[in-house]
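Visitor: The primary structure of each chain is shown beneath.
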Amino acid sequence: MSIGHTLLGLLESGPRHGYDLKRAFDGKFGHDRPLHYGQVYSTMARLLKHGLVEVDGIEPGGGPERKRYAITEAGITDVEKWLAQPEKPEPYLQNTLYTKVVLALLTGRSAAGLLDTQRSEHLRLMRELTERKRHGDLADQLVCDHALFHLEADLRWLELTAARLDLLAAEVAE
Amino acid sequence: MSTTHPSPGGGTLATWVRDLGLGIRFAVTGGREGWTRTLLTAVGVGLGVAMLLLAAAVPAMMGARNDRGYDRDYSWFNEPPKRTASTVLFAPADTSFRDDSIRGLLLKADGDRPVLPPGVEAMPASGEMVVSPALKKLLDQPGSKLLRERLDYRPAGVIGDQGLLGPAELAYYAGSDKLVARSQDGSTGNATRIPHFGRGESKPEPLGGVLTMLVIIIVVVLLMPVAVFIGTAVRFGGERRDRRLAALRLVGADSRTTRRIAAGEALFGSLLGLVVGTGIFLITRQFSTEVTLYDISVFPYDITPGPGLAALVALAVPGAAVAVTLLAMRGIAVEPLGVVRKATAQKRRLWWRLLIPLAGLGLLAPLFGTVSQEDAGVNPYQVTAGVVLLLVGLTTVLPWLVESVVGRFRGGPLPWQLATRRVQLDSSAAARMVSGVTVAVAGAIALQSLFTGVQSDFVTATGDDPDRAQLSVSQSVDSGAQAQRVEKAFADTPGIRDVLGVIQDDAVQGNASTLKSEDITYATLVVGDCATLRELARVGAGCADGDVFLVQDPGGYGDMSFAKPGDTLDLNTPVTDKYTGTPQPWRIPADARTARSRVSPDGEQTWGVLATPAALDVAALPSPSVRLMLRTDPGSPDAVEHARNTAARIDPTLTVFELTATHESRKFTTIRRGLFIGATATLALIGASLLVSMLEQLRERRKLLAVLVAFGTRRSVLGLSVLWQTALPVALGLALAIVGGAGLGAVLRTMVGESPHVDWASVGVMTGAGAGVVVLVTLLSLPPLWRMMRPDGLRTE
Amino acid sequence: MSTTDNLMEAVDLHKAYGPTPALDGAEFAIRAGEVVAVMGPSGSGKSTLLHCLAGIVRPDSGSVLYRGRDLTAMSDAERSALRRGEFGFVFQFGQLVPELTCVENVALPLRLNGTRRKEAEARASEWLARLEVGELAGKRPGEISGGQGQRVAVARALVTGPRVIFADEPTGALDSLNGERVMRLLTDAARDTDAAVVLVTHETRVAAYSDREVVVRDGKSRDMERVA
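Residue numbers (UniProt numbering), protein chains in the order written: chain P, 1 to 174; chain U, 1 to 797; chain S, 1 to 228.
In isolation and in its complexed conformation, chain P is listed as follows:
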C-alpha cells in the first residue's frame, strides 16, 4: 500500500494537520498497523518536496508539528493517476499454506485433516472479523469483508486441493 498516495487522497477532502491525518489513516485503513507519527512526517516532507502538497498554515500554539497541509493541483492529478492504475494481482504462489499442502502430499499425510485444522484456525479469525463487522461502522465492515473474502479464498483453494489430492490418492492406490 502506498502511504503517500493514501495520505494525499485523505487531503483531497480538505486541509488537515499531520495529527489529523494519522488519526484518519488509522481509523480507515490501519486497523492492524497504526502509522508512526514519524512516518507521517517523513512522507509529508517528501510530498512537499515534490510539490504535491503545500503548507496551508501553522498553528500558533507551538510544538514541533502544527502544520496544516493542503493538496496541490499536481497532488490531485497524482492521486487520480494512482487510482486509475490497476493493481498488479498478487499471485500468492509461494506461501506457507501451499508449502504445507505439498509437503503433506509428499509425505503421504491426509490433506483432508490438514484442511479441517486449517479451516478451524481460519474460522477462528473469521469469527473475530465477523463479530467486529457486527458492531463496526461501514468502514469496519468493508475492511473485515476484504479480509474475510481472502480467508475464504484460502479455504476454498484448500478444499479444492484436498478434494483433488484425495482423488489423486485414490487413483494411485488403484
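These are computed hints drawn from the structure, not numbers from a lab. Don't take each hint at face value.
Simulated crosslink set (DSSO-like; lysine-lysine; CA at most 27 Å straight-line) [said to hold, decoys possible]:
| no. | chain 1 | residue 1 | chain 2 | residue 2 |
| --- | --- | --- | --- | --- |
| 1 | U | K516 | U | K564 |
| 2 | U | K145 | U | K178 |
| 3 | S | K139 | U | K703 |
| 4 | S | K118 | S | K139 |
| 5 | P | K100 | S | K220 |
| 6 | U | K145 | U | K82 |
Chain U is nowhere near these chain S residues, computed Cβ spacing over 12 Å in every case [what the hints assert, rightly or not]:
| no. | residue |
| --- | --- |
| 7 | D12 |
| 8 | L65 |
| 9 | E132 |
| 10 | E135 |
| 11 | G147 |
| 12 | R181 |
| 13 | R191 |
Since this is a predicted model, take the numbers as computed values, not measurements. We treat Cβ as the ideally placed atom computed from N, Cα and C, and that holds for glycine.
Once you've looked at the hints, dock chains U and S against the given chain P.
Guide: Just chains U and S now, with coordinates in the frame of chain P:
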C-alpha cells in the same frame, strides 16, 4: 427472433411442421419426466377415445342386433300359407329361469326341406333341441336341475351366432311332433305355419318424439364429460412442460415457436392416446362376451364403429388436443425466466359467460310443449345444440363462480385456509378440474327429471297385487275334468302353498240360437270355490257351495240384463259370428245374489256369473279355460321354477306369469339401462381424471410437503386440506350442477308438455354420486400423500 | 464440556439410504444459545445429520438426546409435536407455501400449534418487522425477492420461540449481501432468545457466524473444538 424475420425454412407450413416435430421429439426424448407426462396424456386421451369409439359403435351394434332379430322373427300376419315341403309349424315356448328369460320355439317340419331359423343347421327331431351356447352352459350347471327337467329334450346342436342377439342370450329350438296347425277359426290346433323366418321388408317402428329427445340428451350428457376429460388429459403435467418451454425461450425460441412446440407435444400425446384408446377399445370389446349388463350382451364384432364416426374420432381428438393446448397457452406467457399467468390479473366477467347458456335456452324455448311421443318430428340438431350450449354454459360460468365465491374466504381453521388460499391462487385450475363432474351431474339430473316426467307414459300400473298371489296361469282346456287335473297338478307342485283356481267359459242369451249375430251378448261364466270367488268379488262370508253370484261389470261395458236370477243362459257360445251347434241351456238359480266386483290378484276385474261347483257342473262347459292364481311359499324361492316345470309338463307353450305391480315399456327400459351403463362409465372416467390431477398436483408440491412435515405438520392437517381443496370446487360445481341440471330438466319437461317440476330425489342421488366420487378420489390420494410426506422430499437439496 | 450442559446431544448415529451409508457413527452436541456450523463436502451427510437431530429422520442406530429425552424412541406424532413446539426450520428452497401471504406463512407454525388466527398473525407481523420485511406482510411469496423470502422464512422459524433452530444452507440461494443480512438477523435473533442454531453450510463466511464448527466427512463427524 423469428417474429421479425422469417425463420429458416421459409413458409409457415414448414415452420409448423418443424416446430410440431420438435414438440414430438421433446415428448419422446424428454427423459423419464417427459415420458411420464406423455404416457399420462396418452392414457387419459386413450380412455376418452375408447369411450368415444364405444359410443360410435352403438348405432352399428344396435343395428346388427336388430337385423338378426328381424332375420329370425316368426311373426306372420298374412294368410296362413299352404302346407309344402318347406313350411314349418311353430309354437313359442318362452320360459324363464330364475332372473333370466329364455327364448324358446317348438318346431315341426311339414316336409323334408324345411326352412330353418338363422343359426340352425338341421331341424331338430322330435324330442331334440338345439340350444344357444349360453343356455348350454346354464343347463350344464349343477344348480340348473329344475331347468333340465323342464327342457327335457336331447341337445342335438348349438345355435350359431347369426341366430342370436348376443353371446349371453338364452335360446332353444325344440322339435315337437305334438304341433297341430291352428284351424281357421282358432278353435283347434296349437301351432302356426310359416313359409320362412324373418319379417322381411317390415322395418322397426320409429322411436317417437319423446324417445328421440331422450336418446339425444343421453348421448350429449354422456359424451360431454368425455370431451371435458380429454381436454383435461392433454393438460396433464402442464406446469413441468411450461418450465421446459421457458428453458427453450432462454436459448432463443420465440413465443409462437414455444406454442407450436407445446402443440406438437400434445399432438403426440393424443396420437399415442388414439393408439392406446383403440387398444383399450379392442381389448374391452373382446371381453364383451363375458359381460351382460342389464340383460344386454353383444358380440365383439358387433361393436364396430361406422367408418365415418371412427374417422371423426381419429381426426377430432388430435385436433382438439392441439386446439386446447393453443387455447390454454393464450392464458400464459412463457418467458425465458419462467411462466407468467396472464389470466389471473383481470377479474372474470359474468355477462358473456351467461350468453352461452342463454343461447341454448333460446334454441330450446320454441320447442316448449311441442314434443310428443306420437309425433316423431323433433329437429335433432336444434335439440342437440340447445342442450350442448346449456351444458357448455355451465363450464363457462363455473370459473367465475369459483373465483367470486372462493375469493371471499378469509381465515378459518388451518386446513381450510391452506385449501382456500390454494384455490384462490389458481381458481381456473380448480374450475377445470371439476367441470367434468359438473356437466355429468347436471346432465344426469336433467335427464332424471325428464325421465320421471315422462315415465308415466311408459310405465303402466298392471293392477297386479303380488301380496295376494304371486303367479298366474291361464290355459284353455278340452273339458272341465282336464281343468281340474291342471289345477291339481299345480296344487301338487312343490313350493305352491295355495291354488286359487276358476274354470271360465262364456255364456249367451238363452235364445241366442234365434238371434241375429250382432244381437248376441256374452257374459263370463266363472266357476270356483268360495275362497277363490272371494278374491274376485265381494261375495260375503255367507258363501256356500251351491251359491251363484251375479256381478256387474265395474267398467260399465258388460251387459248383464239377460242374466238375472231365474233367467236361462245358453252355454254353447258361437266361435264365429254365426251360431252353430245345439243350444245348451242353463238356468240361473232364483236365489242367485248380486255381488260387487273386486280387483283380483292378477289385476283383473271379473264380472258375469260367478258360480260355485255344486251350482254348475264344469263337465258341461263346451270350451272351458282354466285360470289359476298361485300363492307360493315364501320359504321356497324355487317355487316359480317348479310351477314352470309343471306348466311345461302340461303344455310346453303354457306360460307362468309372475305378478308384478308395474310394467315398463320395453323400449323405455332399454334406454334407461343404456343411461345407467353410460353414467357409471362416465363417473368412473371423471374419478380417474380427478385422481390424476390430484396426484400430479401433490407430486409438484413434494418438496413443500416435506418442508411442512419438517415443521411438524400433522397428517390430518394436510389430509383435510387436500380434502377441502377438492371438496370446495366440487361443492361449487355440484351446486351449479343442481341449479343448471334442475333448470335444464325443467326446460326439457316443458318441451314435452310436463309441468317444470324438480325431481329432488334424483337431484339427491346424482349429487350424492358426484360427492361420492370426490370422497373416493380423496381417499385414493391419501396413501400417496402419506408417502410424499416422508422427509425424503428434503433430500434433493 | 460436560454432557449435562448440552441442550442436544447425538451419539453414534448411523443412517443408510439403500446400500450407501449417509451417517456412519456421527456425534454432535450443542448448548443453549450456541451457534454450531456443520461443514463438509457435498454428500458427506451434513443434511442427514440435521434431519436426524431434528427428528425428521429416524437414524438406523444411535441416539439423539434433547433435554434428556431420546428422540429416536419417540413416536412420529411425538417428534412432530416437538418440531412444532421446540424447533424452527430454515431451508434453502421451496419452503414458503406459495398460496399463502407472507404473514400467513409466518403464522403457520403458530397455527399448527393451535394459536388463534388473529393472535398468530399479530405475532407473525412483529417478527416480519423485526426481520425488516414488515411491509411484505400481505404479499405472496411469488411477488417478493429471494432475499426477502428467506427473511420471511427466518421469521417463520423464529415465531414460535424455538429452543433449537435448524438451518440447512439458509443462504445457499442468495447473493453475498443478502446472505450476510439473513445470517446476521438469524444469529442476532437466536442470541436474543437464547436459542441454539444448527447451521449446515458449505460456505466458510456463513460458518463464521457460528461459535464453533463440526466437520462431517464420509458420515463421520469431527468436532473441531474438541480437537483443538
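Visitor: Give a verdict on every hint.
Guide: Structure-based check of each hint:
| no. | hint | in the structure |
| --- | --- | --- |
| 1 | U/K516 x U/K564 | 22 Å, holds |
| 2 | U/K145 x U/K178 | 25 Å, holds |
| 3 | S/K139 x U/K703 | 22 Å, holds |
| 4 | S/K118 x S/K139 | 17 Å, holds |
| 5 | P/K100 x S/K220 | 25 Å, holds |
| 6 | U/K145 x U/K82 | 41 Å, violated |
| 7 | D12 | 21 Å, holds |
| 8 | L65 | 19 Å, holds |
| 9 | E132 | 23 Å, holds |
| 10 | E135 | 20 Å, holds |
| 11 | G147 | 17 Å, holds |
| 12 | R181 | 21 Å, holds |
| 13 | R191 | 23 Å, holds |
The structure is inconsistent with hint 6 alone, although it conforms to all the rest.
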